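Here's the letter readout for the chains.
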Amino acid sequence: MLYDLIIIGAGPAGLAAAIYAARKKIKTLVLADGAASQTAEAHLVENYLGIPSIPGNELAEKFREHARKMAVEIKDGVDVSKIESADGKFEVISNNGTLSAKSLIIATGKKYRPLEVPGAKEFEGKGITYCATCDAPLFKNKTVAVVGAGDAGQDAAWQLTEYASRIYLLNKYPELRGDDRQIQEKLKTHLKVTILNNCEPMEVKGDKFVKALVLKCNGDGQTKEIAVEGIFVEIGSVPASKFLNGVVKLNEKEEIVIDPKTNATSQNGIFAAGDVTDVPYKQMVIAAGEGAKAALSACEYLKSF
Amino acid sequence: MFICLYVCMIKVYSTPACAYCVTLKKFLTEKGIEFEAIDVSENEAELQQMIDKSGQMGVPVVEIDGQIVVGFNKSKILELLNIKE
Chain Y
155 MLYDLIIIGA GPAGLAAAIY AARKKIKTLV LADGAASQTA EAHLVENYLG IPSIPGNELA
215 EKFREHARKM AVEIKDGVDV SKIESADGKF EVISNNGTLS AKSLIIATGK KYRPLEVPGA
275 KEFEGKGITY CATCDAPLFK NKTVAVVGAG DAGQDAAWQL TEYASRIYLL NKYPELRGDD
335 RQIQEKLKTH LKVTILNNCE PMEVKGDKFV KALVLKCNGD GQTKEIAVEG IFVEIGSVPA
395 SKFLNGVVKL NEKEEIVIDP KTNATSQNGI FAAGDVTDVP YKQMVIAAGE GAKAALSACE
455 YLKSF
Chain Z
7 MFICLYVCMI KVYSTPACAY CVTLKKFLTE KGIEFEAIDV SENEAELQQM IDKSGQMGVP
67 VVEIDGQIVV GFNKSKILEL LNIKE
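For the record, the sequence lines run as chains Y and Z. Okay, so the first sequence: first residue is 155 according to my numbering, each after it adds one. Okay, so the second sequence: first residue is 7 according to my numbering, each after it adds one.
Hints in this document: simulated from the structure, not taken from any laboratory. Remember, it's a predicted structure, so these values are computed and weren't measured experimentally. A few of these clues could be false.
Below are the PhoX-like pairs computed for lysine-lysine, each with C-alpha atoms no more than 20 Å apart in a straight line [unchecked claim]:
#1 Z:K31 with Y:K216
#2 Z:K37 with Y:K229
#3 Y:K229 with Z:K90
#4 Y:K223 with Z:K90
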């Protein structure tokens, strides 16, 4: 089966692209990996046009519902490992076999940045988690640490106040940064929350599960240990562009370089949209618009066949 | 290898706002598979059971006739349920 267009990614960029492609009657397939999109993991979305406030997973489901209504074919649980180009078409190699298309849209978004200290890998899922929205309720009456005190870390700490008995918020800077002053004030005065400024994680310790986090504070070379049962990691994200491995041009942040007018990549026939690209603002509403642009450009490209 | 052939006991351990859990439950429903949904944020005994059985603390966890699958591992779930796509 040769598709006109394969869209990799099923967040706002990928699904907006799919809807535009469906309206143009292009034979399209959307590939979604087993993981949730960034939209689906967002706690509350309050800046998407037309929807004043909605949990991220509900908004993600609305996107899907819309795509399903347009009879878009979506394959779930597909992890793409490689893309090859041959004879003017592209082969998408995945755990689901090889799929072929005349054109591609890459809309894989970003993935969380993993914590890289001794013990972090070993204890993933055993107290270390990357999804506060999913796992905060599992730490009822427990002591936990949030590593990273940017907007996402602050939000995780705030969600945890509902469940955990004590929350350490590890901040590598001298004071809290970020846009949401209100949440910062609430965290500073919350009885359950201890903000550890100028502190960085050094090691995760435990037996079957996490028991402690080793920290270094104020750059003084001394380490100290805090007893925690849960560690929530919020240290930013990286573009999900690894599988592209030289097929399209990436910038130094590993974002796909696109033509801002057409969403074309360095490879003719491959387009990209949303957070995986070098678009300066990583926002859902922008990703959706970028997806639409990429689909329209792909349509133009397909006319040349 | 274990394969669930006839009537299976299926439990899904999840939390309310976990997107993977929603996807997983929707997937099972779409396949016409009945399951018991357990919200571990509301039930500490079940939460402890989930941790003991799966040896880890993340959701979702699916139990299919005593076999444990961590996360939305679609191919593993299909294999245990003996469903071909």
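Structure-based check of each hint:
1. Z:K31 with Y:K216: holds, 16 Å
2. Z:K37 with Y:K229: Measuring from Cα to Cα gives roughly 14 Å; hence the hint holds.
3. Y:K229 with Z:K90: Given that 20 Å is the threshold and the Cα spacing comes to 14 Å, the pair holds.
4. Y:K223 with Z:K90: Distance ~25 Å between K223 of chain Y and K90 of chain Z Cα, so the pair is violated.
Violated hints amount to a single one, hint 4; each of the other numbered hints is respected by the structure.
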